[in-house]
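J.: What follows is each chain in one-letter form.
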Amino acid sequence: MAPLMVGAFYNPHLGAELARAQGVDHLAMADPPAPTDPHWPAIKARYTLLLHDYLGQLSEPLDERSIARARALAELYRTPWVAEHFQCLHTEDGRYNINYVFPPLYTDEFLRRFVANAKALQARLDQPLVMENIPGFFDVKASQLPEPVWLRRFFDQTGAGFLLDLPHVWLEAHYRGVKPATWLAEFPLEQVVELHVAGVEEDQDLEGPWIAPAEPTDEMLDFTALAVSRCPAAKAVTFDAFAPSLTSDVLFKSVERIREAL
Amino acid sequence: MSDRELQDLVLRALADAPFRASREWRDRALVEPGRLERFARFLARHFYYERIVHFFKYSRALARVTGRCPEAVLKSADFDALLATAVLGSRETARDVASLAVRHVKEVTPPPQLRYLNDLLRYEEAMMIAEAGPRVWRDSAHERAAGSSEPSAPERVEGTALLDLAYDLPAVLPRLLQSWVEVPQAPAQPVKLLIARSPHGRVTVARADAAVASVVELADGRKTLEQLAREAGLRATDLETTLVGLSDLGAVRFATGS
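Protein chains in written order, with our numbering: chain S, -11 to 250; chain E, 3 to 260.
These are calculated hints, taken from the structure and not from any lab test. If you're wondering where the values come from, they're calculated on a predicted model, not measured in any experiment.
Chain S stretches covered by chain E per the calculated footprint, using a threshold of three residues with CB under 8 Å from any CB of chain E:
1) 94 to 100
2) 127 to 137
3) 193 to 205
Pulled a few chain S residues facing chain E out of the computed Cβ check, cut under 8 Å:
4) G44
5) E48
6) R53
7) L77
8) H78
9) T79
10) R83
11) I86
12) Y88
Derived BS3-like pairs: lysine-lysine, alpha-carbon spacing no greater than 30 Å straight-line:
13) E:K77 <-> S:K241
14) E:K77 <-> E:K59
15) S:K32 <-> S:K241
16) S:K32 <-> E:K59
17) S:K129 <-> S:K167
18) S:K107 <-> S:K223
19) S:K167 <-> S:K223
20) E:K194 <-> E:K108
21) E:K59 <-> S:K241
Each residue gets a CB set at the ideal place from its N, CA and C atoms; glycine is no exception.
For reference, chain E alone in the conformation it holds in the complex (with noise of 0.2 Å):
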């Protein structure tokens, strides 16, 4: 085993708890499990307190209305239950911590001014479980020739999210980073939000469109472009454009065959 595997291995340990408790790992007997598991408990109080400060930032912001800091959550008896099964940067961990954050906010009954709050909340918390997952960190010039190959079968990259909301968020969420003094109200219409993630780890939210909405639900790896422009109900060339867009934001993949 060379010494960049060792290192991974010891990163793993660190954000893996059930593979820290494994014999695999015990029995090589690297680290002093004492401190290592002190430094994990550490590492996975830090990287999920950066998490929820970014994305559920605007909870933040309206602290001083609900009362309610997300952020509390990661001093929470809750929280260090999760602890012994906790894989840091999981889909599985971070659904656990956005949900234990979204319940934290929620224990109050919101001001009659907050009524766009459990969609604000969902927001977060898809933002959240969005970013989740592993992510590419450089680019190598076979995952550049691959991109490169005639695309086939989109197929809609776990995590990407659609939202419907009874609130339109997006005309909101700006004003309160900003100083306010009577709570930003966010207009009662409907909306519908694609949240995607691109393969270096970018969380982007976009309003979708039904002709998006229908791609991004159909897109399962095994409908040819044709098939997929005929169930959607959408020519070949707005396909290709809708499909251009989704890809860019990390919403659908292609399968490139063998």
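If we strip away everything but chain S, and leave its shape as in the complex, we get (with noise of 0.2 Å):
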């Protein structure tokens, strides 16, 4: 098995902390660069670079604007692979919009769709591509699956790879009440390409934990290390914070510690 690259996202404003850092394997890409970025030279010619923008939600085919994007800046980034999420954040008729990740109802119509959009972008693409999980905050009445079986039916159907984010899946655990572990292991670890680790802070309007810009705990590294062991493929792990509040000194932190806890 080759070495884990341990990387984090690409934040504009620590472009120069970034630029001369030492430790960071690779930078996802969560927008693309500014024109006016002076960094920007020097950080695509420095690191691997991971596609991670959105490119649009799967429950719909993409239209031709939006995989001629996404060639673009695959190609730009020369990225070994492509990340897209398990999200439907908009309405069909575009009237509403969430602006943050969401997850499909766990549905067999929803599955079709996502496998059938899924393969009509793979065709497209000429990298792999990878999909995300997402944390749901509540369960809908309608779904028919449990979340775990749904996104292993995907992958099985498609043969996409798995991003794995491990917050979401401590999330999921924490609000259902299970631990942690438990909840992992109901999931497709055998398919998971890349991970996510990112620290979670109380969030008033929750009333409990949610992703945030900080450092993990020690309880969400011995998490890491518990399900990079269990995930036979994976090829990287990516310090998941990408904010303008975001410090240079807790993304290289978490690197460091990320690394030291594999």
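Starting from two chains that each stand alone, build the complex the way the hints lay out.
T.: Quick look at the structure:
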């Protein structure tokens, strides 16, 4: 097994520090580089870059504009894989948009939609597609399948890779009142290509923990080590924080601690 | 009802507070109401944090002089009070939230070197309001066909704004985002700016000359091209060029008839 890459997200406000950093193997790109970003040439020359932008929600087929954009970004970054999310965050008519990752109903209809649209996207990409799990803060009674079963069927039918977001699993376990390791074991870990690790903090609106641009706790790092040991095909672990409030100290310390934990 | 339609109902309940409180939604009992409400409030704060950080970025850059970060309003009682009626992405809620941000920054007396602060806040507020409203997420064959119809009766798109400013803001904005010691100054030079949003949600700002301004103001979806050219005092070819530019920016669209 090749050594795991350990990296972070490219945060443009930390571009100067990232351009000269040590100990960061890769950067995930959530947004295209701004034309005025003075650090982008150095970042591009130095790092393995992972395409992790919003390409579109696969509950509908991606249109030609979105596919062309995905292909252009993949080529710009020379990304080894292209990531998207199991999300459905805007209505079909475009009238309502919650602007935040949100899972689809875990039903056969949505499975068919995601499988068909992912296969169509795969056929147009030159790189493998990986898909990231999204946390549910509540259950919707119309869902028919447990999320891990739905995901397993999706991966089996598409051959796509799994981008396992560990804080998402941890949060779901928290709000379901089950042990994170128990909930994790339900997921198709043999399909995992990349893992996301992040901090969680108390959120006043949710009245409980949620993902935050903070260092992962020791518990989360232990959880990461456990998960990686069960993901034989994993190639990368990424500190998942992308926010204007993120400081360079938190980013670099988190990457260092993730590396130490593995 | 298909699963996709059910998903749309859940998304609407998260985005639209009045709908969330309605009998139509509550009678479905799809989601535990307390959890839904907490997540909706979380989403609203996140939604408008992203927009204020983006559209009020110049005010944020000036916070070390004004002492006022516009996004601080998201933790205020005034913002909490809006949550009961907020509809994420609507122009009305964008207007309400942008207004709170402007009021927050204006509550202090601006330093003398920031004479253009009022203009800047009007500009940022207009950008945030222009971005709101339904958007096209994916092109369809139907929309492409509609777009290829013969144009007639240009109509100003809702949210398009013309701003008359006393200071030439475009000359100073890029410098505000770079490192500076002395506050960058905007020339005291009146400018008229056009702010428009494309159907896909991209907001653009352009300097507007007299021709552009008059076409935007006159385009009501009823005047024909001939009437528009006459009232704007433009030759047909100049009007066509102007309309192509405005259409590309998303400032006007064409009523294609029945």
